[in-house]
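Number of protein chains: 2
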Amino acid sequence: MAERLVVVGGDAGGMAAASQARRRRPDLEIVALERGRWTSYSACGIPYLVAGDVARLDDLVTRDPQTFRDRHNIDVRTGHEATAVDLDARRVEVRDHNHGRTFTLGFDHLHLATGATPVRPDLPGIDGPRIHGVQTLEDAAHLLEEAERCDAENVVVVGAGYIGLEMAEAFVRRGCPTVTVVEQGAEVMATLDPDMGAMVGEAMRQFGIVVRTGTSVTGFEPGSVHTEDGRLPADLVVLGLGVAPASGLAAGAGLETGVKEAVVVDPRQRTSTEGVWAAGDCCQSFHLVSRRPVHLPLGTVANKQGRVAGVNLGGGYATFPGVVGTAVTKVCSTEVARTGLDEREATAAGLGYETARIESSTRAGYFPGAGRITVKMVAERRTGRLLGAQIVGAEGAAKRIDVVATAVTAGLTVDQVVDLDLSYAPPFSPVWDPVLVAAREVAKVVR
Amino acid sequence: MAERLVVVGGDAGGMAAASQARRRRPDLEIVALERGRWTSYSACGIPYLVAGDVARLDDLVTRDPQTFRDRHNIDVRTGHEATAVDLDARRVEVRDHNHGRTFTLGFDHLHLATGATPVRPDLPGIDGPRIHGVQTLEDAAHLLEEAERCDAENVVVVGAGYIGLEMAEAFVRRGCPTVTVVEQGAEVMATLDPDMGAMVGEAMRQFGIVVRTGTSVTGFEPGSVHTEDGRLPADLVVLGLGVAPASGLAAGAGLETGVKEAVVVDPRQRTSTEGVWAAGDCCQSFHLVSRRPVHLPLGTVANKQGRVAGVNLGGGYATFPGVVGTAVTKVCSTEVARTGLDEREATAAGLGYETARIESSTRAGYFPGAGRITVKMVAERRTGRLLGAQIVGAEGAAKRIDVVATAVTAGLTVDQVVDLDLSYAPPFSPVWDPVLVAAREVAKVVR
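For the record, the sequence lines run as chains A and B.
To convert, count from 1 in the first sequence and add 2; that's my numbering.
To convert, count from 1 in the second sequence and add 2; that's my numbering.
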């Protein structure tokens, strides 16, 4: 009988692994269990679906179950939820929601890609029907349905992280008259330093989003959100408080978990038990700058980890060395990006650091469409090692973070960054790219 | 008496040095000689002036002579040309074109930033009045005047490098009915591999530029350009055959010259004679991948070299380690970029290599405005070291070259590039950035 690989989770972390394993092991029986209806979709695209940039929910699906079955010989079973794993007996308990039955499925190899679930703080009324997390296409479908049904006048977004910002913008662009973001912290975007977060908050306000920072939510009831500062009308509530690894299945089976109870994996995506692998939002990653494990639930990471798991599952050799914490988003025409360590993270990692923040232009100053860009750079004291950067600016600003991510990964000093031979032509950059200007300034402080 | 620094050349390589020296040595007497009327301008902006994107020639001037005099205490003398240098007597012979007189000027330190001049092949009629190089603001002023006077119906651009492409586009956008680019090589853009150059040629044709590759110009006469394949009507001719270092002054003085007779400098921008410095288009650079001297006349290089020379001149310590050959341009909405070694250069450097060329999307495929991007990557055989890349694609494509430039400089392998934590969100990139996809493909071939 063929060896069987059971994959739990039909999104990036699961299906990238299944595809890679199939490519290398045509003999393997591969069963992929997905609780929902969809496979391999872009959850990151949900805000753009809500905004109307993307016409149909199906546009977010990269590869549907039937394609996996037909072209990759992967037995994808949607509406199937793995409810327990017995590592000794090497079998999974499966709930088939389509037929309301439960069965067990044996495996030779198991790959867990159970993803993450939106954080739902323990507050009165949190389980109300109009309080939406945004993590899966099911979530998106419910949210869209609700938004169309109630013709929301007032939308409240709780939490001003990436998803919070993107959803707030989406509802404004959808035509919702009042969109309010409530954030406990002093500034929006806690993954930026407060001075940079403040710039993003300002951009949000200019776009017409009501931003209430330093405000805690105390509870929910139909039609309103309660905060310390009073009641906010709310036809619809979106939770943007981050996600937690959906590691219950793994933990229940006895697999080792770590940061935020994410599944612990080695660089080949192996869990603590032989023959059991994991990838994506349910897993830990290793932060290459802080040298510590982190939970970084991002589509890129899930795809890369899934691929690495699949190569190894298929008998090849691949590793996922880790992350530097790169992320990007935009609020209307203001682009926001970050990578490496911010001030708080550098302190937490025990590193002494210096910073510089510069203003420059996205293109040559005289070129039409040149917009403002602010770059803040963090470098290690004494050594001058580049630790990270944050960017807020006009169109063309954000993708510059990739230069910093590359330089951080390579361990360059800010002096070495100053010398980088970056591209220049008036439509693309000032003669000194803003990243180089920031490096030049922080290099002075380090010296 | 104060020590005197004489700077020859008032553009980036000269004035960046003068400014840095001034900052560190308030006591220094600094005289800057500029043959033309302008200082510190963006020659790279000339095509956009011709196209009409930039309204006035003065918009291209970063800092004018009076500002240098008033704010930096630099004695800028425009219309002054250095005609000879006597290194033993430490003095410069100067022709003052404003007053038609010649005088000598002693120096303690000399900084040469004499730039480059457009290549003018020795062909019949090359010195005709309607045959324009595009290197200085004087060139731009003449060209604009001529273009307005003759209301050009037919413009012929000789040479399909960066300036040739940009000027051809500029004349089309200016409204010129027939713009023809004549190129001796098989494809446009000789700094790309032919397969990538062909894509640029196609973009030019789609934009309405007549592209005649594999065609040599044999001579010029008023109203026409002669080629091997016959006569082309031409009210106006633009030379885009590259530039040669304007190193006559340095060579005449006995300073060492190298590649293309560019002035030889060490990493601190010192020439072969103590107390004599040089920077910018008249100088050599060092190529960090081929490990050979090169002549790379670019504004970024001139600015950086000028800054380094000025820091050292002022008693500080700075070096310019070298270049990786990064360049970027666009033809209408098609962006073009390259860095590191292309196939021809890798061969010339004696390196075995593999390549991969991939097609991807500038944004998530489902996101509005997603456009095509082609990335070709070159990696060293066996070691997998990234050697270079070329990009042709829609808006947002080109600046990705900076990631490659950074990775090449850091000596990363293509496997390490695959693992880079580049930013992803649907408006900015597919979940696998095209650079990572290219790295993944070339990594397969290397293995």
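Treat the hints with care, since some could be wrong.
Anything over 12 Å on all C-beta distances counts as not near chain B; from chain A, calculated [as the list claims (entries may be wrong)]:
1) Glu31
2) Glu83
3) Glu155
4) Arg176
5) Glu223
6) Glu382
7) Lys401
8) Asp435
With a straight-line Cα cutoff of 20 Å, these simulated SDA-like cross-link-like pairs (lysine to any residue) come out [said to hold, decoys possible]:
9) A:Lys446 with B:Tyr319
10) B:Lys446 with B:Tyr319
11) B:Lys262 with B:Arg359
12) B:Lys446 with B:Glu361
13) B:Lys446 with A:Asp417
14) B:Lys446 with A:Lys446
15) A:Lys446 with B:Gly371
16) B:Lys446 with B:Ala372
17) A:Lys262 with A:Gly277
18) B:Lys262 with B:Ser274
19) B:Lys262 with B:Glu361
20) A:Lys446 with B:Pro323
21) A:Lys262 with A:Glu223
22) A:Lys446 with B:Ala320
23) B:Lys446 with A:Gly250
24) A:Lys446 with B:Glu382
25) B:Lys446 with B:Ala320
26) A:Lys262 with A:Gly225
27) B:Lys446 with A:Leu290
28) B:Lys446 with A:Tyr319
Rather than coming from a laboratory, the hints here were simulated on the basis of the structure.
The C-beta atom is built at its ideal place from N, Cα and C for all residues, glycine as well.
Hint check:
1. Taking the minimum C-beta to C-beta distance to chain B, about 26 Å, the non-interface status of A:Glu31 holds against the 12 Å cut.
2. Every C-beta of chain B lies more than 12 Å from that of A:Glu83, the closest at about 25 Å, which supports listing it as non-interface.
3. The beta carbon of A:Glu155 is kept farther than 12 Å from every beta carbon of chain B, the shortest such distance being approximately 27 Å.
4. With a least beta-carbon separation of about 15 Å from chain B, A:Arg176 lies farther than 12 Å from that chain, consistent with its non-interface assignment.
5. No Cβ of chain B approaches the Cβ of A:Glu223 within 12 Å, the least distance being about 34 Å, so the stated non-interface status holds.
6. For A:Glu382, the requirement that its beta carbon stay farther than 12 Å from each beta carbon of chain B is met, with the minimum near 17 Å.
7. Separation of A:Lys401 from chain B is inadequate, the least Cβ-Cβ distance of about 6 Å not exceeding the 12 Å criterion.
8. Interface exclusion of A:Asp435 from chain B breaks down, the closest Cβ pair being 7 Å apart, not more than 12 Å.
9. For the given pair, A:Lys446 sits about 13 Å from B:Tyr319 by alpha-carbon distance, which is consistent with the 20 Å threshold.
10. A threshold of 20 Å between alpha carbons decides the hint, and for B:Lys446 with B:Tyr319 the separation of about 43 Å lies outside it, so the pair is violated.
11. Under the criterion of a C-alpha separation no larger than 20 Å, the hint pairing B:Lys262 with B:Arg359 is inconsistent with the structure, at around 32 Å.
12. Straight-line distance between C-alpha atoms of B:Lys446 and B:Glu361 comes to about 16 Å, which keeps the hinted pair within the 20 Å bound.
13. Proposed proximity of B:Lys446 and A:Asp417 is contradicted: the alpha carbons are some 34 Å apart, above 20 Å.
14. Taken as a hint, the B:Lys446 and A:Lys446 pair is broken in the structure, with Cα atoms around 42 Å apart against an allowance of 20 Å.
15. Between A:Lys446 and B:Gly371, the direct Cα distance comes to roughly 40 Å. Violation of the 20 Å bound is thereby established for this hinted pair.
16. Between B:Lys446 and B:Ala372 the alpha-carbon distance is near 27 Å, which puts this suggested pair outside the 20 Å criterion.
17. A hinted pair counts as satisfied when its Cα atoms are at most 20 Å apart, and A:Lys262 with A:Gly277 does not qualify at roughly 23 Å.
18. Distance check on the hinted pair: B:Lys262 and B:Ser274 sit about 17 Å apart at the alpha-carbon level, within 20 Å; holds.
19. A hinted pair counts as satisfied when its Cα atoms are at most 20 Å apart, and B:Lys262 with B:Glu361 does not qualify at roughly 37 Å.
20. The suggested pairing of A:Lys446 with B:Pro323 holds, with an alpha-carbon distance near 18 Å, which does not exceed 20 Å.
21. Under the criterion of a C-alpha separation no larger than 20 Å, the hint pairing A:Lys262 with A:Glu223 is inconsistent with the structure, at around 29 Å.
22. In summary, the hint linking A:Lys446 to B:Ala320 is supported, as the alpha carbons are separated by about 12 Å, within the 20 Å threshold.
23. Distance hint between B:Lys446 and A:Gly250 is unfulfilled; the C-alpha atoms sit about 37 Å from each other, more than 20 Å.
24. Restraint check: the Cα-Cα separation between A:Lys446 and B:Glu382 comes to about 36 Å, which exceeds 20 Å; the hinted pair is violated.
25. Distance check on the hinted pair: B:Lys446 and B:Ala320 sit about 40 Å apart at the alpha-carbon level, beyond 20 Å; violated.
26. Among the hinted pairs, A:Lys262 with A:Gly225 is inconsistent with the structure: their alpha-carbon atoms are about 32 Å apart, more than 20 Å.
27. Pair hint B:Lys446 plus A:Leu290 does not hold up; C-alpha atoms about 25 Å apart against a cutoff of 20 Å.
28. Between the alpha carbons of B:Lys446 and A:Tyr319 the distance comes to roughly 13 Å, so the proposed pair stays at or under 20 Å and holds.
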